[in-house]
Amino acid sequence: MNTIQLIINGLGTGAFYASIAVGFSLVWGVLNVINMVHGSLVVLGAFLGFFFWKITGLNPVFSVPFVAVSTFLIGATLQSVFINKVVSAPVLTTLTLTFGLDLILYNVMTVYFTASIRRVTTSYGNIDLGSAVVPIDRLYVAIFALLITGILYLVLRMTSIGRAIVAVRMDKTAAALMGIWVKSVYAITFGIGAMMAGVAGAVSTLIYPVTTGLSGAFLLKAFIVCVIGGLGSIPGALFGGLLLGVIESFAGYAIGPQNSLTLALAIMLFVLLVKPTGLMGVKGFD
Amino acid sequence: MKFRSLAILILWALALLSVSLLQNNYAMRTATMIAMFSTLAYSWNFIGGLAGYPSFSTAAFFGLGCYVGALGQVHGLSIPSAWFLAVIVVGAFSAAIGGILLRLRGHYFAVGSIAIVELCRLLITSIPGLTGGGSGLNVPLVRWSPDAVGLLFLVVMVTLFIMVGLVTQVVQRSRLGFGLRCINQNEDAAEMVGINTTAYKIVAYVLSAIFCGAVGAAYASWTGYIDPNEAFNSLMSIKVPVMALLGGAGTLLGPAVGSVIFILLEEVAWSNFLEWNHAIVGLVVVVLVFCLPNGLLRLNFSNILTLKPARRIWERV
Amino acid sequence: MNSLLKVEGLTRTFAGVVAVHSVSFDVAAGEIIGVIGPNGAGKTTLVNLITGVLRPTSGTIIFNHEDVTGQRPMQAARRGMSRTFQIVQPFPQMTVIENVMAGSLFAGAAQDMPAAEQEALECLRLVGLEHVASKSASSLGLASRKRLELAKSLASKPKLLMLDEVNAGLNSGEIDGALALIRNIAERGITILIIEHLMKVVMSLSQRLLVLHHGELIADGDPKAIIKDKRVIEAYLGPKFAARAEGYANAQ
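Listed in order, the protein sequences are those of chains V, B and S.
Just so we're aligned, residue 1 is where the first sequence starts under my numbering, counting upward by one.
Just so we're aligned, residue 287 is where the second sequence starts under my numbering, counting upward by one.
Just so we're aligned, residue 604 is where the third sequence starts under my numbering, counting upward by one.
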């Protein structure tokens, strides 16, 4: 295992981590809600992508439009019906609520999709770079992750809804005074967060197994990336994700994959204490 | 009047103990679980209810208690010594972690407290030589008859429950309790008024930890087998605060009320809808947040009868 | 000199902005000192520095012959420094008397809860709030909340009481009441530092005035002389008016 291979592996996984963290970060930054349902939404997207692949035989990447729409609607509905009522509540309440909603979604999926582990099997082979090897399925995932992250960044910068979201994140009272329907922005933002999760999940089927057992792991990664990279910032999520991926890659090689998660958690705690806004975070600015 | 709630607690403890007279193992087990979770809920109440810090670390302290107690016994300590060691270790751990973690507030503290649970689980799993790692650890069983063992652990859990109930009563009436309530409502003002907020918060955190550690150690001895996923179960970290919130966080009887209702609900769910038990917990949570935002004991019945929505505590300024 | 508080070279910067710049002054026990200055002059920052809410970038604070630079707010309260907030900070879900008890339990003299309750009642009587003792703190109107804030500070038995704009938002009658109250407190031997915008209050209460402008102490002395001081007028009204005022003064 040479260094270049480790870096490539790390960047690949890291890009994926960034894509699952980006939606989580947005919801946390704009609504000030830690969305514990996020991990299960990723898994939901994975299931949808898997079933798409099973039925059509096409690369799950093509399921994205369908997954995007469904998860967006689910997210927006969740927000309007449940989350909206507690948006100004203390973190204990919002966290407990989203935890509860997550338990429901997790259970529903486990019962209806059953707990057996599925896999999408593809045979894309590798690109040989001489000193390192790039598996094509990982390349797909990485490119896709960067793509959706980039699109979200552009949406936030250039569309009016994007600007509205950023405005609400910076100062929701001022935004309301400017004529922005804060509640709609909340619903749309949560929907976007859910959509990013679902879409990332759909693509994740290329490299990860499809099972509800992974929902906790995805959520934890999203947490770590957000804390390290900074909340509410897309470049932050990207940076945090890539950093986490590379750290895990090297640490996994040096001290074992299990311990690399421990290390990642320890780093997260360290960042929480030293610079809670994250290495790149200035809350509210994009 | 002053000791009314204490009297109710003791009566309730006696009621739980008297379940042993029914000669029904299932009932005894349920009573033991109720006592156990009531203890955990009261523990959480110190840091979450009184001080208002959203801690999700219960599973960390419980799990550590399990493992220290279990390892103590495996290495030849008597049961009481092993349990005592568990309390000491968990207490020291929480004091150290609390000193660092309690500098954070709100979301960051919550996230940090969840991370602690994961960290503990990973650390335990990563030293299989000592702890049996992922395959778990067998704990030497108490060599009495099953009925006697059942009774023993009912008594143990109820005793812990009474202890934590007593400590809650004392704390809530004391300067410490007053100070914690101030910290809860306005930490900056509390500091300005002369309260050593750091010290008080750490005391609350340690109090919340040591009883969890004791319960964990007892639980390990009771079940005879522990593994990292069960001991550091993040579901516990959410169930326990929910029980306290259900009854009313920060009140003298809330955690007890909440845990009874929750455990009974869970037992019903387990026997009838086993595969839905997560969703049922989730449903309880959702109902709790929307219908009982301040807990059962703070329900204003006249408001309910006139169908007025409850004014949530956080909306009062 | 019986110096209760001695501030020397106190400076505080926030990411490039100098909020307080090398401020030095003495406060003797028993004095009533007014602190005035245009908005943003650094008055509240000064109080925050003295009470430990902020750490000074440089400089020292000596209170009661003890170096207390960089102390924690809780230590300041226990050492006998009390302050009120511009935007009142009660404990919203506690009753009025409980709020004041907080002051006497921790920084004050009370040894236990009943003693604290007695102390609190005394303080409430002093500020005229004893009739609402068992009401929730959040049910009070602004003027009463300010009095509650005052009662809370008094309960901690301070040697030095710093009042930050206690009269903001009060009407004329309420202000007169507040004035009488502050005089009453001063008569009990408590040293008072009062930040105020209302000249009527400042002039009638203060034995000495400190004027801050852009974080610097530009004047320190007798109130009547200070208000005619050219630099002070310039700080408030600008150089044109200052020159005109000087012209008037010279003409007399």
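In short, the hints are calculated from the structure, not lab data.
Worth double-checking, as some hints may not be accurate.
Said to hold, decoys possible - Some chain V residues judged to face chain B by a derived CB distance under 7 Å, without partners named:
id, residue
1, Thr96
2, Pro257
3, Gln258
4, Leu279
The beta-carbon is built from N, C-alpha and C at its ideal position, and this holds for glycine as well.
How the hints compare with the structure:
1. The criterion of a C-beta within 7 Å of any C-beta in chain B is met by Thr96 (chain V), whose closest approach is roughly 6 Å, and the hint holds.
2. The closest approach between the C-beta of Pro257 (chain V) and any C-beta of chain B is roughly 11 Å, which is over the 7 Å cut-off, so the hint fails.
3. For Gln258 (chain V), the interface hint holds, the least distance from its beta-carbon to any beta-carbon of chain B being 6 Å, beneath 7 Å.
4. Checking Leu279 (chain V) against chain B by beta carbon gives a least distance of about 15 Å; that is not within 7 Å, so the hint is violated.
Of the numbered hints listed earlier, those contradicted by the structure are 2 and 4.
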